[in-house]
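Undergrad: Sequence:
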Amino acid sequence: MRIYDNIKTYFFNNLDDTTDYNNQFYIKKMGSIDLKVDLPKAEYSEPHKRDFFEIGIIARHNKNMMIGDQTFYKMTNGLAIISPFQTISYGESNTDVDEDEGYVIYFKSSILEGLNQPYEVQNRFPFFKMHTLPLYYLSEDDFSVISTLAEALYKESRSNEIHSLEVIKSLLSILLYKVKRVTDNNEGIVTLNRFDAIMSKFENVIQSSNPNFLSVNEYASMLNISPIYLTECVKKATGKSAQKIIIDYKVLLAKTLLHQKDKSLFEVADALGFNETANFNQFFKRNVGTTAAQFRKQLNKIDIK
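Numbering-wise (this note's numbering), the sequence shown opens with residue 7 and increments by one.
No lab work stands behind these hints: they were computed from the structure.
Don't take each hint at face value.
[Said to hold, decoys possible] Heads up, simulated SDA-like pairs for lysine to any residue below, C-alpha to C-alpha not over 20 Å straight-line:
id : residue 1 : residue 2
1  : K186      : A158
2  : K161      : L141
3  : K186      : F201
4  : K261      : E273
5  : K246      : S153
6  : K184      : S153
7  : K184      : N129
8  : K269      : Q249
9  : K207      : S232
10 : K242      : T15
[Unchecked claim] DEER-style ranges, computed between Cβ atoms:
id : residue 1 : residue 2 : range
11 : G245      : G37       : 49 to 57 Å
12 : S215      : K242      : 33 to 41 Å
13 : S270      : T77       : 42 to 50 Å
14 : H169      : N293      : 38 to 46 Å
15 : P53       : S247      : 33 to 41 Å
16 : K269      : S145      : 39 to 47 Å
17 : V211      : K242      : 12 to 20 Å
Keep in mind the model is a prediction, meaning the values are calculated, not measured.
Built from N, CA and C at the ideal position, the CB exists for glycine as well.
Model the full assembly from the supplied sequences, consistent with the hints where possible.
TA: Next up, the structure:
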């Protein structure tokens, strides 16, 4: 499955002379006059992944979009939040007229101060989940606040003014905290069925417990359901086992810690609950394909370039 890593060219936006801040940030206006240059490429109708975050601030939306096995149809005054490496594909518009209105923000964790890796972003902003698609309906007031911030980001990204990057970083950080505020304990989360709802709660408790990852039984107890029912819900929502979801988050944290060059492999292993570095290397190779040492060595080569 193809993984796209270039934010600006994802939607033919290479025709747009707006900066992407070294492939860290891009915002587009839905339903704008620029529509002809940022229509999805044909291959986007096939399932694919991206290595950047996305937030849709949606005043009105009428296009079909599939995230994992969930189909996203219409929405007004809402948020669609998509994490890196979630499977996505685009379908046709529900109407003959494009009436989409709002903003779509794409960004990488590197643009946020002190948050260099996706795991760190997900840890601070738990509405970014790896395996579910959070959709939120907002009140008029909450949507107005977030939409105003998105508009400010859009204008700033096209201003070519001095210190634009610093302003973008600040505005994006404020927007993310505003989203965190309005989505925290938000009962308006859109889930298609009870399996998706349980899956969403499962990811929340995983994120709240790290780096002390627990067992499936312990997470089920925290959710007041049986381990068998948790496993059933997770499998139906994602096609993966509950244990595999825990491992996915553990691997993501491992990669984040390995980017911190001041930590030894033993310290990384210890932080993740491994008594020996060898055991950690085996776990990492089994799930990533290379040992942790090899992964860090490859990072060093990238940094030299």
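Undergrad: Each hint: holds or not?
TA: Verification of the hints:
Restraint check for K186 and A158: satisfied, since their Cα atoms lie roughly 19 Å apart, inside the 20 Å limit. In summary, the hint linking K161 to L141 is not supported, as the alpha carbons are separated by about 25 Å, beyond the 20 Å threshold. For a cut-off of 20 Å, the pair hint linking K186 to F201 is broken: about 23 Å separates their Cα positions. Only pairs whose Cα atoms come within 20 Å are accepted, and K261 paired with E273 is accepted, the gap being roughly 13 Å.
The straight-line distance between the Cα atoms of K246 and S153 is roughly 35 Å, outside the 20 Å bound, and the hint therefore fails. For the suggested pair K184 and S153, the alpha carbons sit about 11 Å apart, so the restraint of at most 20 Å is met. At roughly 16 Å between alpha-carbon atoms, K184 and N129 fall within 20 Å of each other, so this suggested pair holds. For the hint linking K269 to Q249, the alpha-carbon distance of about 27 Å lies beyond 20 Å, and the restraint is violated.
Of the pairs offered as hints, the one joining K207 and S232 holds, with about 14 Å between alpha carbons and a cut-off of 20 Å not exceeded. Distance hint between K242 and T15 is unfulfilled; the C-alpha atoms sit about 34 Å from each other, more than 20 Å. For the pair G245 and G37, the beta carbons lie near 34 Å from each other, so the given range of 49 to 57 Å is not met. S215 and K242 have their C-beta atoms about 23 Å apart, which leaves the hinted 33 to 41 Å range violated.
Our hint of 42 to 50 Å for S270 and T77 holds, since their Cβ atoms are close to 46 Å apart. Distance hint check: the CB atoms of H169 and N293 are about 42 Å apart, consistent with the given range 38 to 46 Å. Checked against the hint of 33 to 41 Å, the C-beta distance between P53 and S247 comes to roughly 21 Å, which is inconsistent with it. For the pair K269 and S145, the beta carbons lie near 43 Å from each other, so the given range of 39 to 47 Å is met.
V211 and K242 have their C-beta atoms about 18 Å apart, which keeps the hinted 12 to 20 Å range intact.
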